[in-house]
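S.K.: Now for the letters of each chain:
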Amino acid sequence: MRVVVVGVGRAGRGVLATLLAQHHLVTVVDNDPSSVAFVEEHFDVGIVAGYGANPKVLADAGCADADLVVALTDQDETNLVAAQTALSLGARRAIARVQGEGWADLGGGDGIQPGVLGVNLVFHPRVLVAREMARVARSHGALEVIDLAEDAIEVVKLPVAGSSRYASKVLSRLGLPRDMIVGAVVRDGELFVPGGADVLLPGDEVYLLGRREAIDAVQEHITDVAVAGRVAIVGGGVTGFALARMLSGMDTRVMLIDKDPDVAERLAEELPKVTVIVGDGTDLELMREHRVEDCDFLAAVTEDEEVNLLAGLLASKLGVKRVATVVHRTEFHAIYHQIGIDVVLSPHTMAEEQVVRNCRDELVRSLTVLGGGAAEVVELVVGPQARIAGKTLMQVRFPRGAIVCALVKGTGVVVPRGSDIIEPGDTAVVLTTPEAFDAMAWHFKKGLF
Amino acid sequence: MGSSPATHRVVARPVGMVVLVATAAMVLTGLASVGLSVAGEHGSLLDALPLWLSAPLGVLLGLFLLYWGRDIPRDQAIDRGHASVAVVAIWTLLGVLGSLPLIIGAGTGPAAAFFEAVSGFTATGATAYGDIEGTLSHPLVLWRAVMHWVGGMGVVLLFVAILPNVGVGGKNMFKSEMPSVQQGGLRPRVSETSGVIWRVYVGVTIACVLTYRLLGMDGHDALAHGLSTGATGGFSTRDASLGAFENPALEWAAAFFMLVGGVNYGLYYVVIRTRKLRVFTRSLEFRTYVAIIFSFSLILTLLFLPLHGDVLTALRYAVFRVATSLTSTGFGIDDHAVYPGLALALMVVMNFVGGCAGSTSGGMKVARLVILAKAAAAQVRKSIRPAVVQVVRLDHRPVSKAVLLDVAAFFFVYLASMVVLVALVAGIDGVPLPTAFGAVLSVLSNMGPNPFYLGADNFSAFSAPAKVLLSFGMILGRLEFFTVLAVLTPEVWRR
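First to last, the protein sequences are chains A and B.
Note that our numbering has the first sequence beginning at 1, numbered continuously upward.
Note that our numbering has the second sequence beginning at 1001, numbered continuously upward.
In short, the hints are calculated from the structure, not lab data.
Wrong hints could be hidden among the right ones.
[As the list claims (entries may be wrong)] Beta-carbon label-pair distances, calculated as ranges: (1) A:Pro33 x B:Gln1379: 44 to 52 Å; (2) B:Gln1379 x A:Ser88: 54 to 62 Å; (3) B:His1008 x A:Ser88: 33 to 41 Å; (4) A:Ala439 x B:Arg1273: 55 to 63 Å; (5) B:Val1038 x A:Thr427: 51 to 59 Å.
[As the list claims (entries may be wrong)] No more than 27 Å apart at the CA atoms, straight line, and that leaves these computed lysine-lysine pairs for BS3-like: (6) B:Lys1276 x A:Lys56; (7) A:Lys273 x A:Lys259; (8) A:Lys56 x B:Lys1382; (9) B:Lys1175 x B:Lys1374; (10) A:Lys317 x A:Lys259; (11) A:Lys391 x A:Lys409.
[Said to hold, decoys possible] Going by beta-carbon spacing under 8 Å, a handful of chain A positions derived as facing chain B: (12) His42; (13) Val45; (14) Ile47.
Glycine included, every Cβ here is placed at the ideal spot set by N, Cα and C.
Just chain B, same shape as in the assembly (with noise of 0.2 Å):
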């Protein structure tokens, strides 16, 4: 047996491929620029060289990475360590690719130009630019869409859907990207489910971009908007976000599809696998959601009706209000600066729990809350009867312990992560609290805009070192820390 091989050289081949496959995606917003273009919706064909200038370098890169791990057997295990590494620079490096067009085709410093691909790639949607319409051609805005959208469900994921056979590798890669809290039943292979997803996500995709084309949007901004709201990131065309429509159809229609994009897309799979509609109304997490979008929407109703007046209009920017606060997309419709404290709490409120586990958005994820909260519940009665064994179950099935420290980890670590960063970010650039915090938990809940920083929805005024600190924050919740954080532990590098 000869000594295993150094971890950077083993996940070289796997992250020189994803470089590759997201260098495709440049390549083909490029091709969709120049198609658009050619339609009269762009400038000038040469709006688009910024992105035909870096995807030779991004295929570079890849290639390189490729040579890199040459000698490393095609058979070689991909372990969870190996996998962690290979995911968190996989992160990094789209961060770094994705910076190429915007350093290229705006003059965007480094650190913001990361900042930006960073929150691209991790659907997050906070941006450092505070003029997009005047800053960013029609190709690079398109592109920040892209990534938003590439990064969305996984880029792994992608990788793993078009490259079947990736096998165990591809499966720890999987897990790594995207941490799933429990699973009961029928646990499918990866290679299968990721090729179902990616398709529901891209039939949503599609179906998102024609309902804002038949709004009224031009092809443009509907093809922007729509892979942003698949993604749940954010990232609009125009500075007032959808606001700028003044178009009521339209922000139904971008609610109906955040709150899509917010459910877990494994229950997606299991319906379309077992053709049961009832796989819903089972999922315990399925019917939290549903039962907070609710709540939240009548409560935000009744807080903003004396502000708006009609009932109808209330309830169409509660409703907004909740489907891009609860799935961490980011879409803004109005200032959050009329609001009442009572409402930017419950926004705030919802930026913590986020979407359900498995889904695009981000957040600590309803599963994961109400396992604790329904542990916490166990706790209490355990108190009163010490003798009575308590089993906390989820969906009729018992949560192993295993799950419940895990869960409970969880909540440390983010709480733990979100201290640490505010006061980091305070300490850098010794911005105020609360607009230290509003950032903080904008990144790591892969929020976007929220109503804290600075007054303004945008990151421009952050320096360059805590623009790149924030990027990690966005890596870090996107990951949902533990793959990050073992990236840290010397385990990983010495073998």
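Bound conformation, chain A alone (with noise of 0.2 Å):
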């Protein structure tokens, strides 16, 4: 697929990387020369410097016949701009991001909205991070909870508490829901995707997918975590607001944390349901004196990498039983594990995803990437003569390392079992790791005969 990406910040550089790792046709827009520089020095990507909304520059970038078009500029206005004028020139899908305040409410405050001023696909990643980190609060300990087929089934990783009843038994006999499936194991950093014999440890992280009801029923046996009922958020900005107002919604007890008086009336005026105060997120006093040690979940998400690193360690010390923060610089996301807490999210990936999301190809289309692009989502439309088409799982040989995880069909969205028949037209979600993911394409492909 021919993408051309325009404005190679953190985010951009970030896409960049996976777009190739899937071997597409990435051509670069960028105006800042050391953004060209670096981006020169490290990917095998076409470049074309200059303004990214320029319908001459975008033109030479190869817009005409570009598949999908990115625009991730620092720039709102020149994002949508971009877009527009690529899906002019011919483009066949354009998608931009925004990260004003102003779009905060884009979709209904989801984030992501389709067909905003003729533009595919308008998304605010920090809208994004804020709706992961309220399902998350919501969860019972889920460090990612992924959405997949329009929101009928969805992904979350869990840790497995020692004392979970499902811990050091054999998962064919763990008598799991029949809507979700265990789609892949993290242990000791190393994921891999079990079979009916394989046993959960505690201390692995698991991947859950399948239908929402389904894993909400097993999710409290797996972790000893209670759905938070108190939140404390540090930080007014886009994302904090963001997630006052969903957590606020949702019978939770929000405090939010800003130190600047201004943004805190106003954020007051905004959400009668939640305490806004005025002060230092870092402030170990002013934490005490608000009794955040109560809460049960803290997210830390202003603009600011060290503030949120500091109120997040401040947080756990003090004895908030799970807390989340925002990174802005990806490359610190191992290291923020490391050090003990427990969710990190990033704007930057929530824009990777969606591109990666919108990379459709005849046959295959990404929705998403585990950990740390070890497997990943994908889902595959079945073809008429697709080698698989009209047969059970059962009957085909599936490489290890890939497990098809939902079957969407006219008739809604199953988990499939062995003996379930994939139809043509139906479409599967299948986790694969990247090693399998030529064998397991195979079968959806055209047969010989």
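Put the complex together from the two separate chains, hints included.
M.R.: If you want it as structure tokens, here you go:
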């Protein structure tokens, strides 16, 4: 697929790495000489130096025959105009990122909306971060919650607690509900796709895939964490505001801390159910005074990397059960985990995920990447002549490392068993490791006969 | 974070892969020889034996390198430093690999065989053989031409073209093999351009081979000369080079294809992508290249007129000389000795200049010359009116200070390398200075035969150490200096 990426800041570079790993043909447009030099040095992509919304620059970059144009500059207006221009030049699909406060209610507060001003998809990564944080806070200790197939199924990453009644038992004997599966297990930093004979051990992290109700039902048996009832949020920016609004609508008691009195004033006006506190989220006295240690969940979501880290560590020391922070430099992800931050989310990875999801090819559409690229969830359309069409999962020798998590049929979504028939026209949601990908995709290609 | 793996291990796999690619070319040469032999053009089937004996050694070398680098993770980044080491290692090892059939088949000494093979892969065309027709069997002659062709457009480019998705490591290696001077507009993906450039290269070569065949060469001569011309190399099947065929039409065709090879292949790529011929006329480098061809042909015609009598003959000799000198091919059609000093001087000037950047030719490259000239002019204007801001432009785009500095440094390194090598060659072999200068200019500009050394058009008289030194001179010139010199810096190895 031909992809043009307009703007290669932090998010853009992450997007480039992912796109190239999936063998897309990428051309980059950027105005900033140092960004251009960086990309030139680190990626094999086409490069056009110039202003991203200029039609001539976009034409030079080959937008006329691009399958996807992604606008990721720092200016929201530039992104929207770039996407519109690309579409007018003949690009098949164009998506744009926005970051400003004025766009916080995009898609009714969901942070994502198709068809804004003619652009196929506009997304607000900061609001998307808030959305995932809200899901995590409302779950039993999930580390990630990702919606797939138009929210019909979800992926949840959970740590296995020592007290879990599923720990140390063979998977096939657990009696898991019908509408979900254990898609992948991370043990000692290595991700693998388990078979029926594998055992979950305390300390593992598992990826559950399936219908939300089914996953909700097993969550509490895997972890020992309760749904957060009291939440503290440090930072009243776009993410903090969106998160406070989402959680306060779900009967959670929310405390929001921001150091700017004017911002705090406005937040208090707009969020009647939220307790807004003026102060520094890294001030120990203030935290004690407002009994932050009684919170089940603290989210540090300011624009300042150091403040987030410090607030997170402080909360964790005070005894807050789960701590989530926003990280802007994605390379710090792993380090944050090591020093005890439970959930680390980044607007840049949200942007990356949106781009990956919008990379359609005739056969495969990538939905999300798990465990930093150790596995991927993809959607494959079952064509009438696909090898797998008309067969049951038991009849097909699916490679180890790949697993069909869900079938989207005309009638709805099912989590398949070995005896379910895969019919032409179905869409299969498959979790696969990169090694198993080709062998897995073979089954969805046209057979020789 | 663990410590990063040693440089030589990181580069082992890509180097091993390229060695295997070159070995595949050797096998194909053997098969072609068998084909030509069955068609009755090569002496005997056994003549290709040296190639069959050398190929397994190439495979062993390649596999050993792959084995050596087996612990390096697939996604290990190949940065610029690694790429320099890889590319220099590739070109040195190709010299070793290419010399094997010559050592086995013709009993050539290792130094002479290495010289010949490096001359082959760098498309220099300087030969260590005084008597090609008497010493080398047909398959070996063909192998020399194949070496030209594989190296002519760049063996890394071939590697990147047949193995897409080599990623930024491939891109870095490609840049180390073929430094570009300046790029404006779309800077395309290496994995995409390499494929297109190779297809153009193959197309030009096939057209050239067919033209030679139609103009009366037999299959063997047409194939060998076609490969050699496409790469602007210069190896011939005859001691008297193209002149041995005494066919004016052939000489015109050879001149044409040499000049085609001297054009920046990046321009062909843009023309194919945009389908606009204007691309050529918009490029100042191309316009300068054409201007040099016309003006030098005109002057040489006037100088040759007293020797050849009629205008058409003089013009043919002049154009051929311009083509072979400017694109550093090195085919000959007559003896230099008869020409006046001014004509020889002009040929030397063209040796220095070379063809366009991104072409198969050697030398300093027209683009660098244009930039240097413009920078010099700007400097002169600045000395008169220091307050006026002077901007050097190429194709309407300003040339950045970094590029200017790069070109100036290149010019210095080119001349400094020449001085050092001339001194070394003259010192080692005790040859007269003009001879040493001629030999060094010949190898640094990847020219091959030129009107200087020892009277004859070959390097057989040089000693073994001088031949090895001159071989590295060819690699130095082919990789345009910086890559080779970078490998000599401690930073590349110490990490």
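S.K.: Could you work out which earlier hints the structure fails to respect and list their numbers in ascending sequence?
M.R.: 1, 2, 3, 4, 8
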